[in-house]
Amino acid sequence: MKNDDWVKHVTGTSKFINDVPLLSGTLHAFVFTSPIAKGKIIDLNYFKALELSGIKNVLTYKDIPGVNQLGTIIKDEPLLAENEVHFIGQPLAIIIGEDEHCVRNAIKFIECKIEEEAPILDPREAFRKNELIAPPVTFALGNVDAAWKECDVIVEGAVNSGGQEHVYLETQSAYSVPLEGGIKIYSSTQSPTAVQRVTAGILNLPMHKIEVDVLRLGGGFGGKEDQATVWAAIAGLASYVMQTPVKISLSRHEDIMLTGKRHPYSSDYKIGLNSEGEILAYEVYFYQNAGASADLSTAILERTMFHCTNSYFIPNVKATAYSCRTNLPPNTAFRGFGGPQGMFVIESAIHKAASKLNVEPCIIQEKNLLNEGDEFPYGQKAVNCVSHKAWFKAKELFPFEKLSEEISLFNIKNKLLKKGMAVMPICFGISFTNAMLNQASALVHIYTDGSVGISTGAVEMGQGVNMKLRQVAASIFSININKIKIETTNTTRAANTSPTAASTGADLNGNAVEKACNTLAERLKHFAVNLLKAKDIDQLKLKDEQILNTQTGTSILWDDLILQAYFKRIDLSEHAHYATPKIYFDRTINKGNPFAYHVYGTAVIQVEVDCLRGVYKINSVKAVHDFGKSINPAIDKSQAEGAIMQGLGWMTLEEIRHDSRGKILSDTLSAYKVPDVHFTPEVLEIEFLENPNKSAAIFNSKAIGEPPLMYGIGAYFAIANAIKSFRQEVDILYDAPFTPEKVLMSILGSPNC
Amino acid sequence: MNIQFICNNALIETDQSPSTTLLDFIRKELKYTGAKEGCREGDCGACAVLIGELKNDKIIYKTINSCLTPLAAANGKHVVTIEGLNLYELSLIQQVFVREGAAQCGFCTPGFIVAFTGFLLSSYNLSVDEAIDSIAGNLCRCTGHYSIIRAIKNILDEVQINNLSSAQRLKKLVDLNIIPEYFLNIKNKLESFKKEQPLTETNDDASFTIAGGTDLYVQQGYKLTREKNILIHLKISDESIRISDNNCFINAAVTIEDFSNSEIIKAIFPNVKEFANLFGSLPIRNRATVGGNIINASPIADITSLLLVLDAVLIFSNKGSVREVKLSDFYKGYKQFDKLPEEILSSVYFEVPSGNYNISYEKVSKRLHLDIASVNTTMFIITDDNRISAVRISAGGVAPIPMLLKKTSVFLTGKQISEETVKEASSIAAEEIKPISDIRGSAQYKMLLLNRLILAHFIKLHPELFEEVTL
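From first to last, the protein sequence lines stand for chains A and B. Using the numbering used here, read the first sequence as starting at 1 and increasing by one per residue. Using the numbering used here, read the second sequence as starting at 1001 and increasing by one per residue.
Same shape as in the complex, but just chain B (with noise of 0.2 Å):
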């Protein structure tokens, strides 16, 4: 079956392999060199377009990288690359970059343009921080940010494009010279396409399944582009998060990005989206799933310490039938777990929390952001006056698992919260842990960095105990 998609102002036919990456594609077959490969890991945006795809009456654009994204992912849509941005003469946001001199070798700019125009395209909020995010994803190693931050300031003192709906938004930009008049007749383009065909869900005979595929195509872009007989999970259901009989249930294929805007994820977990920040960048968050974070088994799985604690279980479904694991119990060695390779994760549920519960996360990493912990921990915890009735801290990075804590949670039920209680918790941990010496850190300070975030996060929760807390 041939894929097609508009890219830029152009429609595309290809019976390429699915698999392919989209940055070759484009670069290889299309011959647009302005998306370049940096890294092929997802690290420094080079190779950044935009995916615009068509939802409840609109096009949604997100950022993507592009050598991380099989050519499938296009199928039906809009793909955008620095190309389908250039006007007759420089955008504004291409003015300002030249004036602000945010650009020196050049090898980068075109993934910095490409993601800011689109956070103009679709962010909810116009926010410098959430602009700022926005090109994250982006590494320039001449400049070292200055000027872009100064470009993207600019920028946004100039462009007034709130309260504005998906198509008055549209109009504006193109009006204001930051995207060409074709974007225009994408959506009509876009609607006549035929459904999405599905490239998904029944190849039961499928070597290799993908969902994002942001770690799978690092680790293994060159097999699986090679991969003829390949699924790729990209049909989820609208109603991909859930409520029912107090359970929250999450598709499996759900994007992190998608899974932090989530008003009843954020109804749970109101720090959401500081989690997603630390997760990884957006482009990142726009195609890695929570089911592939599972899936993936890193010990340092990120949404899965929150889901540790959130008492998750996964369904897997096989030709029709399905069966339950708890997350808990999910994991058995390093990449290795209970799931028969015909199993496929289908989604992901757990209780809703109810009464006086906080959800606390800490991440540290060598670099602040969008780095991979030394040591990541999340922590569940119910508390009535400052006694706590039930609590859960899960901690990654150091064991082979992302692993519950469980003797430490037992250990603090019921106890109240202290400096002197706390540190024996930390203690306790200390003996359930097996962290080892690696890039990350040495395991002395992965066992010391555990103690220091639980102690954080009891310190987030009740600072007034802490006070004069002694390390």
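Pulled out of the complex, with its shape left as it was, chain A reads as follows (with noise of 0.2 Å):
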């Protein structure tokens, strides 16, 4: 079924927060940033900003009504630096004035003199000098340290991911209206009861005086999960001061530059298996770059441990994490939320284990894939388990055995264009790992023509939610979905959401709306006994449009239906929360049963590497994935696609650098590269694995969001395949991305790249 959104994109007719018209008056807002990445200040001095013409004010940290904190998990971020300053683009000042021009051209007529200090860059060298966000995190299962003994083979190494700056199309942007004492607040926000509850914070103000509003978002990729509060709050605050409308924007450059990313790891793992190829023993030790401060750094640790064995059962798991404090914008929540991060670990043990081994790589994956009932280092068991299933179904599909051969007969031929292959399988949790966050509601008006309107918490960024949403209530009311329209994302309609996030948008909130239309649909049912002489509710349908006693055949058209329940003063409206059942984690033990679901899949990746010139294309992805039972396969594809080009550019091409100062120098899009229509494999197949889901789900499919991402890790390993087959002694470093430069270097044998 078509997504009716598609149609206003292609129009062009789709607003945006850039696109709405001001009110007159309103002003703009830019920050004022640190220049230095560590150090205390001495002295801000903006006198003579202020006198510039255009210029209507400077806040500092000074002029905070309430508290001077934008941090929700741990309250360790404030929204203007006071004393010291963590790292570069740090906000000192909010700048007011009439134009964005004469905002930003004010910066430099803003002195700000700060003692610098040596700053921390490496999440190993915050670890040694004990700068950790919190305290450190240990999952464990069996007993490693007794298994290694059993252990044929042992193989160590450290592994290291990039950052990934996530390149929503839309930069962010807020835009704040001050009303009667409070403000409302438009913002392009994955969050907004966070964007709520900060400001509230910020302006010493009751929750109910800030109104927030999200129509929709020009992409989101987690970007906009924590880190659209700064800018909304520093809106929010401009306009409180100042008493008119203020608008911020980034441009793309200060986006990149002020922002967090997907976090970098740095990890140890020691791997151990029997001569069968089965993993019995895995270590690991993980050290994330979070930035200067927590943002959802430990959120995302956490869920790198949940997913430290990808898809494969391991008897003995030893993981302990670290979440590392560093002079860098606060990394943030990106799709996967940590798991990728902890599955390119795992995935690079076994590459190095096959290596030693003198296997491939699929041998010892397919031989420890998770089997119904497995118990995943963190408690849970695999429950309704389709990693078998989606692996053979890969293996009959797109025979890699196969492929294999195909491609060594190719290398053979071919001296300096060398091809690989790899398999990547996936099972990833749904649900927030803090289940608190595992709930959902949902307002829906019936209006007396028969049509309806949804507000819920999920905030539409792209990924089809609003459309799924519709589809749900079409179906238990049965009527045309033109008649349905899901409202803005607004904390007066839909109080104390939850982001949408972790790929449980449609779940959670899907679930609402259909428990309110449920209610609405007996409500009705109840109300047209009488009118078609029904003996009870049973006999009453809701059926293309009318509602039919289906025993007598009558039926009431759903507009008059509607029409008589309002004159008969029936309750047209229904508000129903929804939380997710049988749900916890106890993180006194760190075990639990933290995922409602997993979702499973297998891809197969062939690259092509020209060995001569370091550079490589991605022939083709095939991928078996578990959809459960898609509401809308369209729009679930789409989202498949898209989630396999980010894995595949975080695990390529996508690098951030940083210079010795912490000054990012990727620092606009021609610097930082994202996949281009060129970039796009020649062959993308999806093969969607029905496999009807039962738990706490929308209409038995499963979330879709985040899991394909991780295919694209399998593209690292396909481009090592091809290089080793160039040359067998080449030394494999596992530090993604695998830029050209890597690949031209590695094959050199470099020691430095």
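Treat the hints as calculated values from the structure; they're not laboratory data. Where hints are given, some of them may not hold.
Pairs of lysine to aspartate or glutamate residues, derived as EDC-like cross-links and limited to a Cα-Cα distance of at most 16 Å, are as follows [unchecked claim]:
{"no.": "1", "chain 1": "A", "residue 1": "K413", "chain 2": "B", "residue 2": "E1464"}
{"no.": "2", "chain 1": "A", "residue 1": "K415", "chain 2": "B", "residue 2": "E1464"}
{"no.": "3", "chain 1": "A", "residue 1": "K663", "chain 2": "A", "residue 2": "E682"}
{"no.": "4", "chain 1": "B", "residue 1": "K1028", "chain 2": "B", "residue 2": "E1083"}
{"no.": "5", "chain 1": "A", "residue 1": "K617", "chain 2": "B", "residue 2": "D1371"}
{"no.": "6", "chain 1": "A", "residue 1": "K8", "chain 2": "B", "residue 2": "E1083"}
{"no.": "7", "chain 1": "B", "residue 1": "K1031", "chain 2": "A", "residue 2": "D19"}
{"no.": "8", "chain 1": "A", "residue 1": "K15", "chain 2": "B", "residue 2": "E1083"}
{"no.": "9", "chain 1": "A", "residue 1": "K525", "chain 2": "A", "residue 2": "E487"}
{"no.": "10", "chain 1": "A", "residue 1": "K209", "chain 2": "A", "residue 2": "E180"}
{"no.": "11", "chain 1": "B", "residue 1": "K1153", "chain 2": "B", "residue 2": "D1129"}
{"no.": "12", "chain 1": "A", "residue 1": "K483", "chain 2": "A", "residue 2": "E401"}
{"no.": "13", "chain 1": "B", "residue 1": "K1406", "chain 2": "B", "residue 2": "D1371"}
{"no.": "14", "chain 1": "A", "residue 1": "K415", "chain 2": "B", "residue 2": "E1468"}
{"no.": "15", "chain 1": "B", "residue 1": "K1028", "chain 2": "A", "residue 2": "E180"}
{"no.": "16", "chain 1": "A", "residue 1": "K413", "chain 2": "B", "residue 2": "E1083"}
{"no.": "17", "chain 1": "A", "residue 1": "K525", "chain 2": "A", "residue 2": "D586"}
{"no.": "18", "chain 1": "B", "residue 1": "K1028", "chain 2": "A", "residue 2": "D99"}
{"no.": "19", "chain 1": "A", "residue 1": "K413", "chain 2": "B", "residue 2": "E1431"}
{"no.": "20", "chain 1": "A", "residue 1": "K40", "chain 2": "A", "residue 2": "E100"}
{"no.": "21", "chain 1": "B", "residue 1": "K1153", "chain 2": "A", "residue 2": "E682"}
{"no.": "22", "chain 1": "B", "residue 1": "K1028", "chain 2": "A", "residue 2": "D19"}
{"no.": "23", "chain 1": "A", "residue 1": "K543", "chain 2": "A", "residue 2": "D560"}
{"no.": "24", "chain 1": "A", "residue 1": "K8", "chain 2": "B", "residue 2": "E1468"}
{"no.": "25", "chain 1": "A", "residue 1": "K483", "chain 2": "A", "residue 2": "D99"}
{"no.": "26", "chain 1": "B", "residue 1": "K1223", "chain 2": "A", "residue 2": "E574"}
If you follow the hints, you should be able to join the two separate chains into one complex; please do so.
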């Protein structure tokens, strides 16, 4: 079923924050930020800036009426720096002026003296200096120490994965309008309630004085889960102080400079196998580069732990994780939320072990796939587990043993051009791992003409959640989908919402919509019992725009039913709340049942490396993916394709670089390259594994947002395998992304790459 | 003087500064918000619009990045935004995009629709590859482009417009529900415009000269839009590329796209199209100029890399007087060159090569396409059997300036091509260059890369001599 939002998109009529006409008197805000990664603030002088034409005010932390705090999990992040700075780009002052240019021009008239200290950029260095965001966390299963002696092969190594810039095409933006002592903020956020709560704290106002409204996002990918808040709060503070509407919208360059990325990780592992290739023990240490403050880092690190064994059963596991404080902008959520970083390490370990055992990595992968009932290191059991089903379906559809032979033949014939392949199974848990967040509400109004308006906490950012919610309501009411509209996400209609994140938007909000619609449907049936002379409501059915007495065949049209119900003073509105059942996690022992269910799948990736020039192309990605029973295959397929491309980008060309002072170098789209149309593999095939899901999803579907991203991890190993067939002794560094530079330098065997 | 143009189906007249970006004008003054600001550096294409220009009795539509285009460039032309492509119901292109799910968040989508419509309006070659090239300047972070490619292939299957005259094609596109009917009247309207006013040439006091502006607007966009007194190179003569006395003259204001489509250039450098595709996206090639690429003085300038091995000469004009400088002597240091502030690069020429020559271009960047090179190099070579009778090799990204590898070229001249000779040449090249470590790669990498790319030139030329090559 086509998504009506797409009609607006192709005609350019969908509106984003920057497309909404500004109220007269609107001022613009920008931030003066720290040019130094670490130091003490000696003096901040903005008097010259205040004198510039067009400049209306400059605000510092002293102008904050409430608490100067952005942190949600850990309260360690001021909105505006007070005595110290901790990263380049940390906001120190808000400049307010007549247009977006004068506030930017004013920056060079602000003088800031900072006593500079040596920054920490590397997570291992932060670890050595005990700069940790939170105490270390350990997950354990079995007994690794006892298991090593059972192993025939033990491999150790270090693995690095880089950061990743979100490049949501719409940059961070917010527009705040003062309203009778409170404010209304139009924000491009995945977390309207977080914006509301944090801004209320900053302004020292009750939450009901802050209304947050979200129409749609021009992409989010996690980058607007926690980090849209700062920009909304800045607009909110400025408009509250000035009592005028205030807008802030970042340029691409500013957005890349000032906002956090996917967390880079540095990790150490030790893996032990028997001669059959069974993994007996796995020990791993994750050093997460959190940046200067917590943001969502601890939750992200926890998900790294949850996914540290990917889709494998390993009887003895010990995983320890450190969230390390460095002097970079706070890193944040990015599709996969720490999961991909954990999976890259286990896949690297398997790849290296395979090389030592002299077998193909897929032999080890296949041998260790999860079985029904297997226990994850966090205590949950694999239920309705289709890791084997997906793997063998992939093997049947895209015979990878045959492909491997074809590649060998190609590689014998071609001297400088080498192909490589890798198989990448995934297993990804669905639910917020903070169980509290797994709740949602829906408010459904039926208007007297029969049209329906639905408000939930779900934010539409391209993932198609609005369409899915409409489908849920249309199917329960059995009315044309065009009668159903999803309203903006607004804190006055959906209160205390969870972020639209963790791939749960459709699950949580869909269930709430289902509940509210079912209640309304029931109520309408009760009302219609007399009208249709039915014995009871079981005799009645909503079907094809009417309510039908299945016994007599008589019916009333939906529109008439609604109008008559209204005349009889029947409530045509309903609010419902949904909470995912049976999930919990005990952090004192790090065991529990954190996920409603898991998503599985297997992909085969093939690449071609030009070993003369060190460049490569990704020929194909073919995946068998567990969609549950998809509500909307068109949306889900598009989600999977997009996620895969982001995963491929993370593993190959997306490279975040900083200088030794902590200043980002890859600070524009000309210096930070994301996959373009030419990068897209010639073949991208996604096979739906039908696997109706009974647990806590909507209409037996499965969450789709994040899991397919992790197929992209296979690209690293496919490139590695191609290089190895050029030169067997090449030392694979397990240091992603595998840029053309690293390809060429590792072929050469340079120690510096 | 006012700027006049047609935007979609409306006549626009404005006294806004000619250096205002077209994007700002469209969004803020005309209130058309379908074109978006995604990056303001020509990398994402969310701001794409079409500019139609009357040439030889027909309108040629080109996709451009409106964020890097001065308003003045619209003067006397037809500007088309997504709003100007909307019909009562969805156009065929829009329908297929919806059907294939080729949109997610929708921010980039109008840019894709505009760019692909531009392709159907004006492309000579309607192949799938050219179609994909036409949208290669558009980034979609959500879909990963696969569904967009699917949509485009499907549309190409449905649209048969080969071998039609320009007027017939326009009519056919209207009939196919791809563009609105008003397009048929635009030609008359453009003809009725007075001859384009010279916003160019005579403005001697201009504080700034812009050719395409594709890099200037990235680097100094804010400053430029505030320049009241600006010289914009808009007008070029009809004979923008010509041969005279066995020399090929290229007007400095010729765009890269026109350069690569020129029959004269194609005859000299048959692979120019592949070269151009690596140079930049179509909207950039439609604006960026040969002269701009030279004067921008980037160490990895792609056109310069080619012109260096053709031993090109630059012609500067200065209030009527003319001066010539060899391109290989032009650059003096990073972004420094032998040019007086008041001089303007008017054209470039080189001797048309003859004999058994080859031109090979190599470029490696982090992303294979549409990225700034880590290292690029061009080789011009004349061989007699396997003996090198003349050779010039240029290298970019390995020194503060784009350079001609003079010693390397001298060494190779007169030698028989062999793996050993080429490797020796590469080690001479290594002594000529001074790469630095930066975002495009470490010095060591660039050193190695140039070595490999020189080898690549010869492997392409004589694969049979390098079958046993060792790396």
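Status of each hint after checking the structure:
1. A:K413 with B:E1464: With Cα atoms ~15 Å apart, K413 of chain A and E1464 of chain B stay inside 16 Å; holds.
2. A:K415 with B:E1464: Judged against 16 Å, a Cα distance of about 13 Å means the pair holds.
3. A:K663 with A:E682: Violated - the C-alpha atoms of E682 of chain A and K663 of chain A are around 37 Å apart, more than 16 Å.
4. B:K1028 with B:E1083: Cα-Cα ~15 Å, so holds.
5. A:K617 with B:D1371: holds (15 Å)
6. A:K8 with B:E1083: This hinted pair holds, its Cα atoms lying about 11 Å apart.
7. B:K1031 with A:D19: Distance of about 9 Å is within 16 Å: holds.
8. A:K15 with B:E1083: Since the Cα atoms of K15 of chain A and E1083 of chain B sit roughly 13 Å apart, the hinted pair holds (cutoff 16 Å).
9. A:K525 with A:E487: violated (26 Å)
10. A:K209 with A:E180: Distance of about 9 Å is within 16 Å: holds.
11. B:K1153 with B:D1129: holds (10 Å)
12. A:K483 with A:E401: Violated, at roughly 51 Å.
13. B:K1406 with B:D1371: violated (27 Å)
14. A:K415 with B:E1468: holds (8 Å)
15. B:K1028 with A:E180: The hint is violated at about 29 Å.
16. A:K413 with B:E1083: violated (53 Å)
17. A:K525 with A:D586: violated (44 Å)
18. B:K1028 with A:D99: Distance of about 12 Å is within 16 Å: holds.
19. A:K413 with B:E1431: violated (35 Å)
20. A:K40 with A:E100: Given that 16 Å is the threshold and the Cα spacing comes to 29 Å, the pair is violated.
21. B:K1153 with A:E682: holds (13 Å)
22. B:K1028 with A:D19: holds (10 Å)
23. A:K543 with A:D560: Holds, at about 14 Å.
24. A:K8 with B:E1468: Measuring from Cα to Cα gives roughly 58 Å; hence the hint is violated.
25. A:K483 with A:D99: violated (41 Å)
26. B:K1223 with A:E574: violated (55 Å)
Hints 3, 9, 12, 13, 15, 16, 17, 19, 20, 24, 25, 26 from the list above are not met by this structure, while the remaining hints are.
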